[in-house]
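Colleague: Turn these sequences into a full structure, and let the hints steer you where they fit.
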Amino acid sequence: MIGNTLAYLRKRVDGHLRTALLLEDDGSSADRVIFVDGDKLEPLTIAQSAISMLVVNVEEERELRSADPYRQMVSTSNNGIQIQQVYPEIRLIVSILFIARYKDYVSAWNYLAEVISFFQSNPVLDAENDPNLPKEIDRIASEMVSHTHQQQNEVWSALRITQHPAILYRLKLVILRDRQPRTVNDLVKTVETRVGEKQADRPGNLLSPPATNREGGAIRSP
Numbered sequence: 004m005i006g007n008t009l010a011y012l013r014k015r016v017d018g019h020l021r022t023a024l025l026l027e028d029d030g031s032s033a034d035r036v037i038f039v040d041g042d043k044l045e046p047l048t049i050a051q052s053a054i055s056m057l058v059v060n061v062e063e064e065r066e067l068r069s070a071d072p073y074r075q076m077v078s079t080s081n082n083g084i085q086i087q088q089v090y091p092e093i094r095l096i097v098s099i100l101f102i103a104r105y106k107d108y109v110s111a112w113n114y115l116a117e118v119i120s121f122f123q124s125n126p127v128l129d130a131e132n133d134p135n136l137p138k139e140i141d142r143i144a145s146e147m148v149s150h151t152h153q154q155q156n157e158v159w160s161a162l163r164i165t166q167h168p169a170i171l172y173r174l175k176l177v178i179l180r181d182r183q184p185r186t187v188n189d190l191v192k193t194v195e196t197r198v199g200e201k202q203a204d205r206p207g208n209l210l211s212p213p214a215t216n217r218e219g220g221a222i223r224s225p
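Quick note on numbering: the sequence shown equals residues 4 to 225 in this note's numbering.
To be clear, the hints were calculated from the coordinates, so they are not data collected in a lab.
Some hints could be false.
Stated by the list, open to error - Straight-line Cα separation of at most 30 Å, DSS-like style, residue types lysine-lysine; simulated pairs: (1) Lys175 to Lys138; (2) Lys43 to Lys175; (3) Lys14 to Lys106; (4) Lys138 to Lys106; (5) Lys14 to Lys175.
Stated by the list, open to error - What follows is a set of in silico ranges between Cβ atoms, one per label pair, in the way DEER data are often shown: (6) Ala33 to Asn135: 29 to 39 Å; (7) Thr48 to Asn7: 22 to 32 Å; (8) Asp129 to Glu62: 20 to 30 Å; (9) Pro134 to Asn156: 20 to 30 Å; (10) Glu131 to Pro46: 16 to 26 Å; (11) Asp141 to Glu62: 14 to 24 Å; (12) Gly6 to Val127: 19 to 29 Å; (13) Glu131 to Arg163: 19 to 29 Å; (14) Ser52 to Leu9: 32 to 42 Å; (15) Ala161 to Leu9: 36 to 46 Å.
Yeah, the Cβ is synthetic: ideal placement off N, Cα and C, and Gly gets one too.
Modeller: Right, here's the structure in full:
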């Protein structure tokens with residue numbers, strides 16, 4: 004599912020660059036946005052004349068969870084509300100580093116500017132603005148990450164490569180939901196109250212048990 008989302012996003016960003024660069028989108032030209040080659044991860048090799056997408060972190064988003072993540076309310080056919088028991092949905096944050104490696108340094112930053120332009124125009128991707136969004140994804144919300152010099156050095160040191168023109172985006176998405184929710188049947192006890200009926204006269208009354216003496220016998224009323 005994560006892979007399908009990355010493939011969808013790569014195609015969208017690549018299509019945006021093709022439009023900006025006036026390239027044909029019929030496959031006649033090489034992709035401008037590509038994935039890092041899986042055979043070239045150790046040591047990591049960044050392809051020339053392209054923008055490489057590299058996932059650098061995946062974490063769970065828990066701030067937007069509901070108060071009771073194990074239950075959800077859904078509307079029924081008769082305009083009612085039904086409570087279902089579900090496993091909590093998984094909200095992920097995927098951090099993607101877009102690395103531009105071009106012989107012309109200026110062109111590298113111009114292409115990265117187009118990546119920024121894409122996310123600026125599409126801060127949220129969902130089924131309303133793109134019917135091709137994978138069905139298992141509800142929405143993708145993106146935000147650019149600003150790193151300090153120390154954080155940048157840590158990223159490139161971890162990758163063990165020379166620093167290239169790059170930008171980092173965090174993608175927030177709901178990727179997994181319970182497909183077999185279970186209906187919760189709440190038991191409701193109704194207490195019947197009769198006007199004029201004495202509390203002691205109710206059969207099986209548990210609210211006022213009979214008083215007893217020290218020997219355990221019942222105390223009779225005079």
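Colleague: Each hint: holds or not?
Modeller: Taking the hints in turn, this is what the structure says about them:
1. With a CA separation close to 16 Å, the supplied pair Lys175 and Lys138 stays within the 30 Å bound.
2. As the CA atoms of Lys43 and Lys175 are separated by approximately 27 Å, the hinted pair is consistent with the 30 Å bound.
3. Distance check on the hinted pair: Lys14 and Lys106 sit about 24 Å apart at the alpha-carbon level, within 30 Å; holds.
4. Proposed proximity of Lys138 and Lys106 is contradicted: the alpha carbons are some 39 Å apart, above 30 Å.
5. With a C-alpha separation of about 18 Å, the suggested pairing of Lys14 with Lys175 holds against the 30 Å cut-off.
6. The given range of 29 to 39 Å is broken by Ala33 and Asn135, whose C-beta atoms sit roughly 22 Å from each other.
7. For Thr48 paired with Asn7, a C-beta distance near 25 Å keeps the hint of 22 to 32 Å intact.
8. For the hinted restraint 20 to 30 Å between Asp129 and Glu62, the CB-CB distance of approximately 21 Å keeps it satisfied.
9. Taking 20 to 30 Å as the suggested C-beta distance range, the pair Pro134 and Asn156 does not conform, at roughly 42 Å.
10. Evaluation of the 16 to 26 Å hint for Glu131 and Pro46 yields a failure: the beta carbon distance comes to about 43 Å.
11. In this structure the hint that Asp141 and Glu62 lie 14 to 24 Å apart at CB holds, the actual value being about 18 Å.
12. Taken as a hint, the range 19 to 29 Å holds for the pair Gly6 and Val127, whose Cβ atoms sit roughly 21 Å apart.
13. Look at Glu131 against Arg163: about 42 Å separates their beta carbons, and that is not inside 19 to 29 Å.
14. Take Ser52 and Leu9: their Cβ atoms lie about 21 Å apart, and the range 32 to 42 Å is violated.
15. Between Ala161 and Leu9 the beta carbons are some 20 Å apart, a value that contradicts the proposed interval 36 to 46 Å.
When the structure is compared with the earlier hints, violations turn up for hints 4, 6, 9, 10, 13, 14 and 15 and for no others.
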